[in-house]
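The opening residue of the sequence shown carries number 10 in this note's numbering; numbering runs sequentially from there.
Keep in mind the hints are simulated off the structure, nothing from the lab.
One should not assume that every hint holds.
What the hints assert, rightly or not - Pairwise CB distance ranges, derived in the manner of DEER restraints:
#, residue 1, residue 2, range
1, L35, P97, 44 to 52 Å
2, P17, P97, 45 to 53 Å
3, H100, E55, 19 to 27 Å
None of these values were measured; they are calculated from a predicted model.
For glycine and all other residues, C-beta sits at the position ideal for the given N, C-alpha and C.
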Amino acid sequence: MGTFVPYPFTASQVTDIRRFCGYPPLGPGNPVFPFPWIIKIYQAFEYLVQNTSQERGAVIVTQLGNLNTLESAIMGASANLDTDAAGPWTHNKNEVRDRWQMFGLQRRYLCTLVGCEVGPLLMGGGNSMQMVV
């Protein structure tokens, strides 16, 4: 049996994993958590990300691509918000909601792939997002 070598995620990929899984970004200081129990969950999350197998890492990177595509599609759906019906084509009035639901499901699926609990920014069942700069 060989030596374990974790998947070499880029800094950008780790940032995307954090935000899609609902965890706060790391910055120059320590992340601020409203409840002490979140620190343990966050530490477990970071350990899992930093110690992901090569095989699982490849699947996670594929899922990150899917999530970035879904996130862009939500914003792209705004181009159709002013059209209710045009000729035989009828606008799906629930398109943005449906896209948010799919995005939320895929974010939770990423948590399953990582092997972590959903993060505090995703725990409310919604699709809250925070800008990561």
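### Query
In this structure, is the beta-carbon distance linking P17 and P97 contained in 45 to 53 Å?
50 Å, holds
### Query
Does the hinted range 19 to 27 Å hold for H100 and E55 at CB?
Cβ of H100 to Cβ of E55: about 43 Å, so the range 19 to 27 Å is violated.
### Task
For the range 44 to 52 Å, tell me whether the beta carbons of L35 and P97 fit it or not.
Distance hint for L35, P97 holds at roughly 51 Å.
In the structure shown, a violation is registered for the earlier hint numbered 3 alone.
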